[in-house]
Structures are given as structure tokens and as C-alpha cells.
Amino acid sequence: MIGGTSPMETVITSIQALSASSGDLSALHRILKGAEETIRTDSDLQLSTLDQLDPSKHSLGYLYLLDVLTCGPVSKEKASDSVLLISRFIASCDAEQIRLGSDKFVSLCKRFKDRVLELNDPLRGVAPLLTAVRKVQVSTKRLTALHPDCLQLCLQSKCYKAGFSILSDDILEVDQPRDFYLYCYYGGMICIGQKKFQKALELLYNVVTAPMHTVNAIALEAYKKYILVTLIHSGQFSISLPKCASTSAQRNLKTWCTPYTEVGNCYNEGKISELEAVVVAHSSDFEKDNNLGLVKQAVSSLYKRNILRLTQKYLTLSLQDIANMVQLANAKEAEMHVLQMIQDGQIHALINQKDGMVRFLEDPEQYKTSEMIEVMDSVIQRTIRLSKNLIAMDESLSCDPLYLGKVGRERQRYDFGEDFDTVPQKFSM
Amino acid sequence: MAPSSSSGLTFKLHPLVMLNISDHFTRVKTQLNPPSSSCATRNIPTTVGAGAATSPQNVRVYGCVIGAQRGRTVEIFNSFELVFDPSSDSLDRSFLEKKQELYQKVFPGFYILGWYSTGRDAIESDMHIHKALMDINESPVYVLLNPAINHAQKDLPVTIYESEFHVIDGIAQPIFVNASYTIETVEAERISVDHVAHLKPSDGGSAATQLAAHLTGIHSAIKMLNSRIRVLFQYLVAMQRGDIPCDNSLLRQAASLLRSLPAAHSEKFDDNFLMEYNDKLLMSYLAMITNCTSNMNEVVDKFKTAYAKKSRTGGSRIPFM
Chain A
1 MIGGTSPMET VITSIQALSA SSGDLSALHR ILKGAEETIR TDSDLQLSTL DQLDPSKHSL
61 GYLYLLDVLT CGPVSKEKAS DSVLLISRFI ASCDAEQIRL GSDKFVSLCK RFKDRVLELN
121 DPLRGVAPLL TAVRKVQVST KRLTALHPDC LQLCLQSKCY KAGFSILSDD ILEVDQPRDF
181 YLYCYYGGMI CIGQKKFQKA LELLYNVVTA PMHTVNAIAL EAYKKYILVT LIHSGQFSIS
241 LPKCASTSAQ RNLKTWCTPY TEVGNCYNEG KISELEAVVV AHSSDFEKDN NLGLVKQAVS
301 SLYKRNILRL TQKYLTLSLQ DIANMVQLAN AKEAEMHVLQ MIQDGQIHAL INQKDGMVRF
361 LEDPEQYKTS EMIEVMDSVI QRTIRLSKNL IAMDESLSCD PLYLGKVGRE RQRYDFGEDF
421 DTVPQKFSM
Chain B
1 MAPSSSSGLT FKLHPLVMLN ISDHFTRVKT QLNPPSSSCA TRNIPTTVGA GAATSPQNVR
61 VYGCVIGAQR GRTVEIFNSF ELVFDPSSDS LDRSFLEKKQ ELYQKVFPGF YILGWYSTGR
121 DAIESDMHIH KALMDINESP VYVLLNPAIN HAQKDLPVTI YESEFHVIDG IAQPIFVNAS
181 YTIETVEAER ISVDHVAHLK PSDGGSAATQ LAAHLTGIHS AIKMLNSRIR VLFQYLVAMQ
241 RGDIPCDNSL LRQAASLLRS LPAAHSEKFD DNFLMEYNDK LLMSYLAMIT NCTSNMNEVV
301 DKFKTAYAKK SRTGGSRIPF M
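Residue numbers (full-length UniProt numbering), protein chains in the order written: chain A, 1 to 429; chain B, 1 to 321.
Check before you lean on any hint, since a few could be wrong.
Simulated pairs of lysine to any residue, SDA-like, Cα-Cα distance not exceeding 20 Å [claimed, not checked]:
#: 1; chain 1: A; residue 1: Lys388; chain 2: B; residue 2: Glu276
#: 2; chain 1: A; residue 1: Lys368; chain 2: B; residue 2: Leu274
#: 3; chain 1: A; residue 1: Lys368; chain 2: B; residue 2: Glu276
#: 4; chain 1: A; residue 1: Lys368; chain 2: B; residue 2: Cys292
#: 5; chain 1: A; residue 1: Lys33; chain 2: A; residue 2: Glu9
#: 6; chain 1: B; residue 1: Lys280; chain 2: A; residue 2: Glu9
#: 7; chain 1: A; residue 1: Lys304; chain 2: A; residue 2: Ser284
#: 8; chain 1: B; residue 1: Lys304; chain 2: A; residue 2: Thr255
#: 9; chain 1: A; residue 1: Lys388; chain 2: B; residue 2: Asp270
#: 10; chain 1: B; residue 1: Lys302; chain 2: A; residue 2: Tyr403
#: 11; chain 1: B; residue 1: Lys280; chain 2: A; residue 2: Glu365
Hints listed in this document are in silico derivations from the structure and should not be mistaken for laboratory results.
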């Protein structure tokens with residue numbers, strides 16, 4: 001191609017020229033979309049061509065070229081290089097430009113995640129994906145397709161803290177239900193890893209009660225974990241799902257989770273030995289679902305629940321009596337359990353080591369400290385925000401033509417033409 | 001008509017007088033222009049030369065102020081209403097004397113100090129009335145209340161006039177001169193005036209509107225306090241920066257103000273204070289949750305109406321799959 005510029009070079013020059021302002025960027029976007037086929041078939045394209053571009057200034061163009069470069073199957077060494085390239089790009093790219101080509105960016109990051117998993121090095125992908133999520137997110141309330149991928153990498157690399165930082169935002173808008181299920185499921189698992197069972201329960205509850213036509217595998221796994229986490233956190237098990245769960249979930253979930261429901265029912269009885277027997281009986285099922293660790297935690301939480309029950313009946317009790325009632329081996333173990341519970345804040349008690357007596361106390365929280373003021377203030381602010389969101393939702397529903405149609409139809413019966421009717425009588429679309 | 005008085009007398013006005021005058025004015029205005037019917041025909045005092053029915057804002061009411069004079073201090077304690085005779089443009093003398101006798105019996109130490117009226121400025125005919133009163137009190141005072149409501153005005157719309165003889169055009173004439181005054185009150189009077197001044201209209205009597213009105217009052221008071229503190233703070237910061245020359249007396253006043261805070265400082269007080277604060281926060285939290293729940297209820301109802309699939313049994317079951 002001597003004497004004429006190759007299509008590749010025209011693309012590169014246009015990228016370099018048009019990456020300045022937003023008006024130029026939309027023009028560039030159109031050019032790139034048109035030129036995509038030519039880029040794909042161009043054999044000139046090498047990794048070295050990318051050196052002509054600066055990822056932070058020409059992010060959109062860089063994105064398109066990178067996408068084409070990395071899409072085919074690749075050998076192990078090349079995979080490591082491409083992973084490095086993509087992670088550098090994610091770190092330095094410009095969020096505004098990326099949002100114009102968000103689909104490409106999302107697919108690029110998914111490919112990145114797959115490569116990283118193939119290389120068995122999920123830790124490399126955690127930080128880039130965290131930045132990627134923040135950059136592609138339009139607002140902190142919106143769920144993107146990258147959230148579950150990021151959480152998956154965090155789970156596989158066991159860095160729960162990083163994943164937890166994403167979970168602290170309240171998600172209010174969801175595009176794809178599958179993303180939402182995965183996000184809540186992985187999020188629940190991360191919270192279990194961090195031992196924050198309250199939040200895990202909330203997230204898993206969201207999956208179990210999410211609207212769905214047919215039961216899907218994510219909801220099933222989530223339900224199994226949900227049962228175990230309710231046992232650990234609140235010590236109660238109820239066989240029926242919450243009322244707001246979808247009808248298909250209510251009908252079908254239980255049939256697939258019989259070992260778990262048996263564990264739950266046995267837990268309600270309160271006998272340790274029986275519970276352990278049930279666990280041993282179904283241990284192969286638990287192993288298959290990778291839930292054995294969680295089940296063991298549930299069993300040990302039964303002791304806690306029984307001790308908690310004792311605080312409601314007795315004012316003072318000796319350690320030996322506690323051990324007998326809860327079926328622990330000896331007073332020493334009872335003392336360890338009680339001490340652990342006091343430290344976790346689950347009960348309030350005083351252990352008198354001289355005569356081995358435990359005295360159960362009331363909750364000493366008087367709600368009159370300035371720390372409590374801050375807690376209350378933040379909670380009130382959160383409720384105000386929630387209220388604002390609900391009002392916005394209310395308004396948008398009032399303008400929904402579906403709603404107006406139904407309301408208009410009903411009003412027709414009662415309107416006798418007396419007063420001025422503000423709702424249209426027969427709203428025909 | 002407003003040069004300052006040079007008599008050297010200090011005037012002290014009690015809030016009761018102002019309340020009386022404003023009450024008199026409001027009553028007459030409402031009687032003249034009752035809210036339900038059109039204008040009534042009553043014998044009302046009119047301004048000189050107005051002729052036909054005047055607008056309600058021009059109604060002038062007249063009355064007498066009484067009090068005590070000790071040395072150079074004139075203290076105006078109370079007031080009562082008088083009948084104005086529009087034909088002769090003067091106050092009804094016999095009525096005044098009758099009332100004076102009655103009041104003398106109840107308050108033996110109080111004498112007639114002058115008279116009051118409502119309006120924006122003192123007018124010509126006021127001088128006649130003033131002269132007529134001069135035989136009871138050689139130098140009466142004239143209290144003028146401006147009934148126009150002006151939200152931007154910070155001071156009280158009450159002016160006190162004295163009469164002085166000034167030489168104008170070669171003739172010695174009495175004219176009104178402005179006198180400064182202070183507000184003086186006793187504890188019992190303060191409480192009762194406060195109570196009366198905060199009476200809410202009885203038709204807005206539901207607990208919710210009363211609470212809302214009360215809270216609005218507190219809110220505006222706090223806002224005013226906040227803005228004043230902010231002004232003071234900015235002034236002090238500017239002084240610190242050096243934009244404004246240091247004013248030591250102001251600094252001393254600010255320092256003494258700060259030293260008098262906090263009023264109570266003990267552990268028990270802090271305890272009680274925090275507990276009450278937390279209680280109020282808990283109540284607001286409860287109110288917020290109720291509000292939120294009612295919003296959610298609305299949303300769910302609308303959602304159900306819009307998207308519920310009607311099942312064959314008639315009632316709508318669990319909506320939306």
C-alpha cells in the first residue's frame with residue numbers, strides 16, 4: 001500500500017484528532033462504529049500500533065482497538081501480556097469517554113476476567129475491575145454488568161474486604177435481572193466470609209424474593225445459603241418462604257433443598273446430638289454444594305442459641321449447669337462459649353470465676369451518649385433518602401399510562417358528571 | 001414633625017399599652033369590615049376631610065394612656081379607650097372624666113399622662129386633641145401606633161411624641177417632637193403578654209396545625225439567632241484577618257457574651273440533656289419511618305393497580321408473577 005494511507009492509519013489519525021471535546025467524541029464514536037469492520041479485518045493491526053495512542057486521552061479509540069486485538073483465542077504467554085495491557089488501560093482510561101462505549105468496555109472487562117481466571121491468578125484482576133466498576137458506573141445507585149464479575153474475582157482470590165467496599169452502596173436501579181441475582185448471591189457470600197451475617201441475610205433475601213418466572217440455579221443456591229445464614233444469625237427456621245417471594249419460587253424452591261430444610265427443622269428442636277446426626281447423614285450433599293463449612297458454623301451456633309435462651313429464663317447460673325443444659329462437654333467449654341458471646345455483644349453477663357457463677361445482665365445501653373446521637377442521625381438521614389426515592393417512584397407511577405388506564409376505567413363507574421373530573425374518563429391508548 | 005425632644009424626660013413604655021392599642025384597632029377594624037358581610041354602617045371616627053367611607057386601614061382609634069411620673073422618668077403603664085366625636089373633632093370630655101374616676105379608684109397612683117392613636121404619622125387635628133388634654137396634664141404625651149404590617153421593619157411601630165413650643169414664622173407654635181423610649185416590664189406582665197400574644201386562631205384548632213405553627217415559630221427564632229451569630233462571626237474573622245480595624249469595646253462585649261455560656265455545666269445536666277436529645281431523635285426517627293411506610297404503601301397500591309393480573313376468581317392475587 002505504498003503511496004496511500006491504510007485505513008488503519010486514517011482511523012488512528014482521526015482518533016488522535018477528535019479526542020478533545022464531547023462534540024468531537026460523538027463524531028469519533030460514529031466513525032469508529034463505521035470503521036469497526038475494517039479494523040477487524042486489517043492485518044496491519046499489532047500491539048505496537050497501540051503505542052501511537054495515549055490511553056488516558058484517546059480512551060475511546062484505544063478501547064476499540066484493544067477490543068479487536070484481544071478478541072481471538074490466545075496462548076498462555078500472550079494471555080499474560082494482554083492481561084497486563086488491559087489492566088494498565090483500565091487504570092488510566094478516562095471515565096467520560098468510556099461511558100460512550102460502555103458495551104465494548106463491559107465485554108472487554110469480561111474477557112479480562114476470563115483470562116485472569118484461566119491464568120489462575122484472580123488477585124491480579126481485583127484492583128483493575130474495582131476501578132473499572134467505578135468508571136463505568138453512571139451513578140452509585142445503578143448496578144452494572146461488571147459488579148458480579150468483580151465480586152466473583154474477589155471471592156476467588158479471597159480478598160473479601162475489597163468486595164465489601166462495593167457492597168456498601170445501596171443499589172436502586174437494575175438493568176438486567178441476572179446481574180442482580182449474581183450480585184446479591186456473590187455479595188452474600190462475601191458478607192458470610194466477612195462474618196457480617198446481617199448484611200448477608202439481606203442480600204440473600206433479595207435473591208430469594210426477587211421476581212422470577214421460573215426457578216433458576218442462582219436462586220436455588222442462594223436459598224440454601226439463606227437457610228443456613230438464618231440459622232446462624234437469628235436462630236430460627238421457618239419452613240415457609242417470605243410472602244413477597246414469587247409464586248414459582250414458593251412452589252419449587254423447597255423441593256430442591258430437602259437436606260437443608262431437615263437441618264432447619266432439627267435446629268428448631270434444639271438438640272445438638274440430633275442435629276449432628278442429620279448433618280453427618282447429608283454431608284455428601286453439603287460437600288457437593290460447597291456448603292459444609294457453613295453447616296458446621298450453623299451447628300456451633302446452636303450452642304449460642306441455647307445459651308441465649310437460658311438468659312431469658314435465669315438470672316444466675318453456674319457454668320456446670322450451663323454445660324449440662326446445653327450439652328457441652330464441661331464447664332471450661334461453657335465458659336469459653338459465654339466469654340465469646342460476651343465479646344461479640346450477643347449477651348450481657350458477668351462471670352464470677354471464683355465460684356463459677358454467671359450472672360446475666362440487662363442491656364446496659366441507655367441511649368444517652370453522643371455516639372448514639374450520630375447513629376440516630378445517620379439512620380434518620382438514610383430514612384429521609386429512602387422516603388425521597390419512594391416519592392419519586394410514586395410520581396413516576398402516577399404518570400405511567402398503564403396505571404392511568406386502569407384508574408380511568410374504574411372511575412367511570414362512579415362519575416355522574418357532577419364535579420370536574422381530573423382523571424381522564426376513558427383513557428384509550 | 002420629627003425633631004428630637006429636648007425636655008430631658010425618659011419614657012418607659014409597658015407592653016400592655018401596645019397590646020391594648022393594637023387590640024382596640026383590630027376590634028374596630030373588624031367591626032367596620034366584618035369578614036362575612038360587606039361594610040357595616042357604624043359610628044366610627046374618620047380622618048378629617050375624608051368624607052365618605054374610609055378604607056379599613058385609615059380607621060383611627062383614640063384612647064388615653066395612664067401611668068406615673070417619678071422625677072424625670074415617665075412610665076406609661078396602662079391605657080383605656082375613648083369616644084371620639086367626629087363633629088367637633090375632639091374627644092368626649094365627660095366620658096373621659098368618668099373613666100378617669102373609675103381608674104383612679106382601682107389604680108390610685110396612676111394619672112393621665114396623655115393619649116394614643118393609630119396611623120402612620122401625626123396629623124394636624126391631633127394638635128387640637130393634644131391642646132385639649134393640656135388642662136389635665138400640662139405636657140401630655142402622644143403615643144402613635146402604626147398598624148401597617150411591615151415584615152422588613154425590625155423596630156416596633158410605636159412612636160412617642162411630646163409637644164414643644166417652637167418659633168415658626170415668627171409665631172410660637174406647639175409642634176410634635178419625637179421622644180425616645182424604652183420598653184419596661186415586670187415578670188407577671190411579661191408572662192401574660194407573651195401568653196396573649198401567642199394565641200392561635202380557634203378555627204385552626206387541630207393539634208397538627210397548632211404544632212406546626214409552634215414549630216414554625218421556633219424555627220424562625222432559631223434562624224434569626226443563627227443569622228445574627230453568623231454576622232458576628234464574620235465580623236470577628238474579618239477583624240482577625242485585618243480587613244477591619246480592631247474595635248476593643250466590641251471584642252470585650254463578645255468575650256463577655258461567650259464567657260456567660262454555657263449556662264449550666266455539670267455532669268448531671270449533660271446526662272439529662274443527652275437523654276432528652278436522644279429521645280427527640282428517636283421520636284423523629286419514628287415519625288420518619290411512619291412517613292416512609294405510608295409512601296411505600298402508596299407506591300405498592302399504585303403498582304398493584306397498574307400491573308396486577310386479574311385472576312379468574314375475581315380478586316387480584318399476588319401481582320406481577
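Against the structure, the hints:
For the given pair, lysine 388 of chain A sits about 28 Å from glutamate 276 of chain B by alpha-carbon distance, which is inconsistent with the 20 Å threshold. This hinted pair checks out: lysine 368 of chain A and leucine 274 of chain B have alpha carbons roughly 5 Å apart, not beyond 20 Å. For the given pair, lysine 368 of chain A sits about 8 Å from glutamate 276 of chain B by alpha-carbon distance, which is consistent with the 20 Å threshold. As the CA atoms of lysine 368 of chain A and cysteine 292 of chain B are separated by approximately 26 Å, the hinted pair breaks the 20 Å bound.
Restraint check for lysine 33 of chain A and glutamate 9 of chain A: the C-alpha separation of about 16 Å stays at or below 20 Å, so the hint holds. Proximity of lysine 280 of chain B to glutamate 9 of chain A is assessed by CA-CA distance (about 69 Å); at most 20 Å being required, the pair is judged violated. At most 20 Å may separate the alpha-carbon atoms for a hinted pair to count; lysine 304 of chain A and serine 284 of chain A exceed this at roughly 26 Å. For the hint linking lysine 304 of chain B to threonine 255 of chain A, the alpha-carbon distance of about 29 Å lies beyond 20 Å, and the restraint is violated.
Using a Cα cut-off of 20 Å, the hinted pair lysine 388 of chain A and aspartate 270 of chain B is violated, with the two alpha carbons roughly 34 Å apart. Of the pairs offered as hints, the one joining lysine 302 of chain B and tyrosine 403 of chain A holds, with about 7 Å between alpha carbons and a cut-off of 20 Å not exceeded. The straight-line distance between the Cα atoms of lysine 280 of chain B and glutamate 365 of chain A is roughly 17 Å, inside the 20 Å bound, and the hint therefore holds.
This entry does not satisfy hints 1, 4, 6, 7, 8 and 9, going by the numbered hints stated previously.
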